[in-house]
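Asker: Once you have looked at the hints, place chain Y on chain G.
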Amino acid sequence: MFRIILILAFIAFSGYLLYPTWMDAGHQKSLSTLTGADSAKYYDDNEESIRDNREKRLKLGLDLQGGMYVTMEVDVIQLLEKLARNQDEILREILAETRNESKTSDESVLDIFGRKFDERNMRLSRYYGNIRDANSDVMTYLKDESEKAVERAVEIIRNRIDQYGVSEVSITRSGTRRIILELPGVSDEREVRGLIQETAQLEFKLLTDPQVYYSVLENIDKVLLGKTIDAAGGDSTLAAVDSAAAVAAADSADAAKRREDSLASATMTDEQRVEKFRQEHPFMALLIGTQSGYFATEEQKTRISNILNREDVRKVIPEDVSFAWGAKPITFDDGTQAFQLYSLKARPELTGEVITDARAQIDQGGLGANSVVTMQMDAEGSREWARVTGANVDKQIAIVLDNAVFSAPVVRQKIIGGNSQIDGMENMEEARLLEIVLKAGALPAPVEIIEERTVGPSLGEDSISKGVNSFAIGLILVLVFMVVYYQFGGVPADIAVMFNVVFILAILAGFRGTLTLPGIAGILLTVGMAVDANVLINERIREEFGAGKTMRAALEAGYSRAFPAIIDSNLTTLLTCLILYQFGSGPVQGFALTLMIGIVCSLFTAIIMTRVIFELTLDSSPNLVKLG
Amino acid sequence: MRIFKDLNIDFLGKRNLFYLVSAAVIVAGIASIVFKGLEFGLDFKGGTEVVVRFPRAVEIGELRGIMRNADLGSVEIKSFGGETDYIVRTELKGEGSKISDQIKVTLDKAFTEQIEVLQENRVEAKIGAEIRRDAVIAIFVALIGILVYIGFRFKFIFAVGAVAALFHDVLLTLGIVSICTGLIPGLNLEFDQAMVAAFLTLVGYSINDTVIVFDRVRENLKLFKTSPLEPLMNKSINTTMARTILTSATTMVTMLALLFLGGEPTRGFAFTMVIGIITGSYSSIFVASALTLDWAKARNAKITF
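Top to bottom, those sequences are chains G and Y.
Using this note's numbering, the letters of the first sequence correspond one by one to residues 1 to 628.
Using this note's numbering, the letters of the second sequence correspond one by one to residues 629 to 933.
With the rest of the complex left out, here is chain Y:
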C-alpha cells in the first residue's frame, strides 16, 4: 500500500497561511489559559483527596450536597472514570489522616452501602511548589539540550527553527488542553506530574519528527549544493511525508488505545499525547522548516554542509 507516492506539494509557499493558523490557535489557547486557566491537580496544589467507589451509580450533585455540609472548606468533586467512582478533594491539610478520615466518615454517614476507598492522597503545598518548579526547569533544560544537540549535529540555524517549533508545539498543546478542560465529560485534564511527563514526551516526539525532515534537508543540501533552500526543503518535506504520517499514525493508535482503554489514571496523559502528536507532526511539516527558512532569509545566511 502506498498513500504518498510522488507527493509534490508546495508547503513552504503557503507558510504565511500556516503561521496564521498557528497564531490563531495559540492566541485562542492563551486566551483560554488567561480567562479559564488550567486545572491544577493535587500534585501541584496540595491538599487531601480520597477516591471512592460506590456500589451503584451516584449523582455528582448529590455528592456535592453531602460534602457541602461537612465543613471541609471548598470541596471539589469530580468523576473518576465511571459513574460510580469519584474524587473528593479539598485543599485542607490536616494532621495525619484527619481530613481524609473526615471525608470517609461523612460519606459513610450519608450512604448505607459499603463505600470502597480506591486511593487516598495527601500532598503538602510545599511539595506541590517543588513539583511545579521542577516541571518548568525540566522543560527549559530539555529545550536547551535540544538546541545544543541540533546546533551541533546540524547548523545553529536549524536548531533555532527546531526549538522555536517546539515552543510552538508546547504552547499550542497547552492551549488546546486548556480549551478542552471541562468540555469533554469524563475526561480529567488536570495538570499533574503525568501531564508534565506528557509535555516532555511531546517535546521529545516532536523533535524526533522535525529531525527526520531536517536530516533529509541536510542530505539534499550535500547532493544539490547549488539549489536554493526553499524548493529543496519542500522536496525534503514531501519525500519524508509518508514516514511522518505513518509514524504519527502508529504512535497515535497506541495512545488512542491508552486513552479509551487505559483507565482514568493515564487518561490525561494519553489525551495530551494525542494532541501533542498532531501538533508535533503539524509543526514538523508546516512550521519548523518554514521558520528555519525565514530565519535564514532574514539573516541572508547560506547554509552548506
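If we strip away everything but chain G, and leave its shape as in the complex, we get:
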C-alpha cells in the first residue's frame, strides 16, 4: 500500500513540475497563431501566467533553440602591467615569460609571476605596493586586484546585457578569471560582441527637477489617452516645459487638478479613486510613487521601457531629459522589489575618464561605522567637479554606468580638490559595488573572448526534430522488444520506462536544468539501459519459476536476488557520470546530468514500480502473469 502511495505521489509531483512546461507550450502556440494587436492583447491578458510558466518550464539548451555561448578571460598580465609603479626591461621580460608560460600551464598567472620573482631573487615591492612590503603582502594585494578586475568585468557585462534586453541570460564565473555568458536566441553575434568588448561609459548626471519630471509623466499620460498636449502644443512644449513659466503653469494646473480630485473624491471610495486615477493616468498608474521617487516592479519595467521608446511618447519628452533605471532593485517594507525610474539631465556633467581611483571604506567618523566610497579625480576633473558641485548643493547627482543608475548621492557642499566621499551605503557590499562601477570607466584589464559558439536557429530546430524523432523511434523499438521477448513480463518494464522518461523531464524542469541535445542522447541511452534492471529481474524470475517455484515465490526471489547486481551495476555507472559531470563542460555536463537523473529514476521505477504492477496483476488475474 505504501509503495502505491509513493508511486502516485511521484507521478503527481512530476505532473506538478511539468505543468508549467505544458502551459508554456500552450501559450507559445497561441501566440504563434495570433498576429499584431491580437497577440499583444493575448500577452496582456495572460501576462502573469506567461511569465510564471516561462520561468518554471523545462528550458532548452542553446544547441536546441539557437543562441550564443561565450567564454571570456580577463587578461591578468595586462592588469599587472598597468598596476606596476614603474616599468623597466626586467619587469617587461618577466611579464613576457609569464605570458608564455601561462599559455601551457595550469598554474594561475599570478603564481607564475610570483615564481619568476622568486627565481630571480627579486622583491615584488620593487614594482608594487610599499617598498618595505614582503612578497606575500604584495601577492595578496595583486590577487585582490585581479579578483576585483574580474568582478568588475562581470558587473559591466551583466549591466550591458540587461540593457540589451536578452531574456534568460546566464552569466557565470568559472575558475579565477573566466566568465561564461550564455545568450539564448541571440543571432546577431556581432552586436553582442561589440556590447561585451566596448569600454564602459561612466557618467555623472544631474537629476531633473521633480516638477519637470511630473509634468513629463503627465504628458506621457496624455499621449497614451490620445489627447493632444495643451498649452502651446506640439513641439514648442518641449522647449517650454523646462522654462520656469511652464513649470509654474504645470504646477498650478497640477494643484488645481488635485483640488478638483479631492473634491470629487469626497464622495468616492478608495477603490473608485484608484480606478479613476488608473483611467486618467495610464502611465503613472504603472509606477509606484514614493517620497524618494518613482519605482516599478520587474514585470512593469519592460512595459514602461517600451512605452518610453514609443515614437509618439518620445516626442513629448524634452530633449534635455533622459530616463534611466536604477541598476539594482530596492526592497520595500512589504517585500516587493522595485527599480527606481530616474529622470536625468540628458547631458552628463562629467564622464568617468576623470576618475583616477575609487575605494570602498568604513568611515569611523561621526556616529559609528559607515560604509562609504571615496573617489579621486585628475586635475581637470577636479576643477570641473568643483564647479558642478558648487552650483548644485543639496541636489542629487546620479552615477550612471552604461545608462543604469548605480547611486544618486546628494551634494552636501562644494568639493574642491577632486577628493569626494559618497555615503549612504547600506553595507560594505553595496559600497564595493559602487567602487567597481566608479573604476569601471575604463576596464583596467581587457577582457578577451577565448571561446565563442553560435548556433543558428534553423540548426536548433533541426536538432530538436531529429532528436525527438530518434528518441521516439528508439523508445518504441525498446518497448516493443520487451513485450515480444517477455510477453506480460515486458509490460511492467515498459510502463516503468515510460514513467522514467517523464520523471527525468520533471526533475530536470524542477531543478531549472536545461535540456540539451546531448541531454536527449542521455535520456535515450537511459531508456536502453533502464530496461536492464527489468531484464535482470525477469531473467531471475524465469530462472526461479523454472526451478519449480510458484509465480509469487519466483517473483519474490527474482526481485531480491537481482537486487545486489542492480545496485552494483548502477552505482558504477553513476560514478562515471559524476566524474563526467565534474570534468566535462557545458553540453557534456548536460549529458552527464540527465544520465545521472535517469539512473536514479530507473532504480526507482524498475525496482518499486514494476513490482507493484506485477503484484497487483497477480492478485487480480494470476493467469495473466507469464514471462514467455
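Just so you know, the hints here were simulated from the structure itself, not pulled from any lab data.
Among the hints, erroneous ones may be present.
[Stated by the list, open to error] Going by beta-carbon spacing under 8 Å, a handful of chain G positions derived as facing chain Y:
id, residue
1, Leu60
2, Asp63
3, Thr71
4, Ile77
5, Glu189
6, Val455
7, Gly474
8, Leu517
9, Pro518
10, Leu524
11, Val527
12, Ser569
13, Thr573
14, Cys577
15, Phe583
16, Gly584
[Stated by the list, open to error] Okay, the calculated bits of chain G under chain Y, using three or more residues with CB under 8 Å as the criterion:
id, stretch
17, 460-472
18, 531-542
19, 588-595
These numbers come from a predicted model, not from an experiment.
We put the CB at the ideal spot given by N, CA and C, even for glycine.
Answerer: The following block gives chain Y in isolation, referenced to the frame of chain G:
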C-alpha cells in the same frame, strides 16, 4: 521468447583464443592511431569553423577550390550530414569574428545563392589543451574510482580484472574509431567533447556489464564454496548471457536510432557508443572473467566471500 535457454558454453576454456583476437584488434587499432592518427575536432585543436547550408547540393571539391584562394591558411572542408551542409574550418584564430567573417565573405562572393550559417565556433588553442587534459584526467579518475568501488564491493582481484577489461575496451574502441575514421562517408568521427563523453559512458556501460557477471560469480562462490573457480565462472557467464545480450540489444537499438536519425551533432557519439556496446559486452563475456581467472591462478589466490 527464449534465446539462451540452458546455455552451456566453455567460454573460459577458449580464453587464449579471445586474448589473441583482442590483441590482434588492439594492435591493428594502435597501428592505425600511430600511422593514421585520430581526427581532432575544433574543441581540441582550436581555430575557427563555420557550418553553412547551401540551397542546393554542392561539390566538396568545388568548395575546396574556392577556399584555397581565400588566403586562410590550411582550410579543412567536411560534410556536415547532407550534401548541402558543410563545415569550413581553419586553425587560424583572428581577433573577434575576423576569420569567420572572411570565410562567409569568400563564400558569398563565390555563390549567387543565399547561404545560411548554421553554426559558428571559435575556440582558442588554450581551451583545447584544457579540454584535452580534462578528458584524460576524467578517464583515469573514472578507472581509479571503479577500481576502488569493485575492490570494496567484491575482491581486489575482481577489480583488477574489471579495470584491465576496461582499458581493453577503451583501447579497442579507440582503435576501431581510428580505423573507421574517413572510411564511412558522411560519418564524422572527430575527437571532440561529445566523443570524450562517449568514452566515459562506454566505461560506465562496460563496467555495468562486467559487474553483472561478477555478481553472479560472487553469488555462486557463496553457494558452492568448494567448486573450482573456472567452471563456476563459466556457469555464471552462461546464466547471465541472456541478460548481457538483451541489455546490449536494447541499448544498441536506442543508439542506432540516434546514429541514423539523430543528425550530425550526435553522430560521432552514437557511433562510438555502438562500437563501445559491442566491445563492452564482448569483454564482459570473454575478457574480464578470463583476466580475473588468470590473475588468480598466477597468484595462486583462493577467492572466497
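Asker: State for each hint whether it applies.
Answerer: Comparing the hints with the structure gives:
{"no.": "1", "hint": "Leu60", "in the structure": "14 Å, violated"}
{"no.": "2", "hint": "Asp63", "in the structure": "7 Å, holds"}
{"no.": "3", "hint": "Thr71", "in the structure": "7 Å, holds"}
{"no.": "4", "hint": "Ile77", "in the structure": "13 Å, violated"}
{"no.": "5", "hint": "Glu189", "in the structure": "7 Å, holds"}
{"no.": "6", "hint": "Val455", "in the structure": "5 Å, holds"}
{"no.": "7", "hint": "Gly474", "in the structure": "4 Å, holds"}
{"no.": "8", "hint": "Leu517", "in the structure": "6 Å, holds"}
{"no.": "9", "hint": "Pro518", "in the structure": "6 Å, holds"}
{"no.": "10", "hint": "Leu524", "in the structure": "5 Å, holds"}
{"no.": "11", "hint": "Val527", "in the structure": "6 Å, holds"}
{"no.": "12", "hint": "Ser569", "in the structure": "4 Å, holds"}
{"no.": "13", "hint": "Thr573", "in the structure": "4 Å, holds"}
{"no.": "14", "hint": "Cys577", "in the structure": "6 Å, holds"}
{"no.": "15", "hint": "Phe583", "in the structure": "4 Å, holds"}
{"no.": "16", "hint": "Gly584", "in the structure": "6 Å, holds"}
{"no.": "17", "hint": "460-472", "in the structure": "holds (count 7)"}
{"no.": "18", "hint": "531-542", "in the structure": "holds (count 6)"}
{"no.": "19", "hint": "588-595", "in the structure": "holds (count 4)"}
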